[in-house]
Amino acid sequence: MFRRGLCFFLTSVLPVAAACSNNSSSSTTNPTAPTTTVYITEAFSGTLDPNSQQSKQFQIAADGTMSVTLASLTATSNGPALTTPVGLGVGVPNADNSACVLSSSLVTAPSLQAQISVGVTKATATYCVAIGDQGNLKTTVTFVIKVVHP
Amino acid sequence: MTRRLVRAGLFAAVLAGVVAAAGCSDSNSSSTTSPTPTPTGPTTATFSSFVYPSAIGAAWQNLTISGTGGTVTATLVSTNPPGVTVGLGIGVAGVVSGCPQGISISATAGSQVAASVDAGTYCVKVFDPGTLTSKVEFTVSIVHP
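So the sequence lines, in the order shown, correspond to chains A and B. Per our numbering, residue 1 is the first one in the first sequence, and the count goes up by one each step. Per our numbering, residue 1001 is the first one in the second sequence, and the count goes up by one each step.
Simulated from the structure, these hints should not be mistaken for lab results. Hints may be right or wrong, so weigh each one.
Claimed, not checked - Stretches of chain B that chain A covers, calculated by requiring three or more beta carbons in the stretch to come under 8 Å of a beta carbon on chain A:
(1) 1073 to 1087
(2) 1094 to 1101
(3) 1113 to 1127
All residues carry an ideal CB built from backbone N, CA and C; glycine is no exception.
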């Protein structure tokens, strides 16, 4: 009879212990380390004359999303913000680096939220942003373009 | 004697089962523990300084916005002397010198400027709009995520 009792003990307890053992093994599984893309914020500033345009190049270090913001447009470096719309675009330099071939652009006034968001690839490496007067400027203005990219 | 042995075996089985179940129960309860929520309310800061009459007369205070961004609101609380009009703006900072503004207004006490912003470093700026004739002290209240 003792053996029968012992048998009952083994058959009733072991499955429960095994269930717990399964819990333990699942909790010790090593998670896969997430891949984190590091984003860099750059600012490109300069002056823009009426009926002119400017472009700046920069390097991409990884695949990801690039966001571009015309963060400031002022008549003087300390002056009030202008709301004059100008052209803003992103793209890649042409073969001789003499121009920025735009893939996305818009006409916009300054904002503190991203105005253009595009996917970029490390393979392309070099991208560019451009700003240009659309015929609205009467005098030279100072601009700041903020670019966040991988 | 035989009954006693059976009871002993049964008792051991029940006891061990309870202990084992308690262990499992502990595992389950720890996995359902709720994390302590992080406060996400807006932050209010006070910016007090002064500005001189000049083409480059300005004062600004930087602020960092994390997460997904939000709305930055700056209110000109007071000026000394009272009733003076100053420039009040919000601009981008951290990656460029000074505080180039993305939005600005001509402000008297009570005036407010607000902007939706992404995560990043920004600044609230008070500047001479070209009309100041003497030093102006001011207080600005800034509310941001």
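Taking the hints in turn, this is what the structure says about them:
1. 1073 to 1087: violated (count 1)
2. 1094 to 1101: Since three or more residues must qualify, the claim that chain A covers the stretch 1094 to 1101 of chain B holds, with 6 doing so at under 8 Å.
3. 1113 to 1127: holds (count 7)
Hint compliance for this structure: hint 1 alone is broken.
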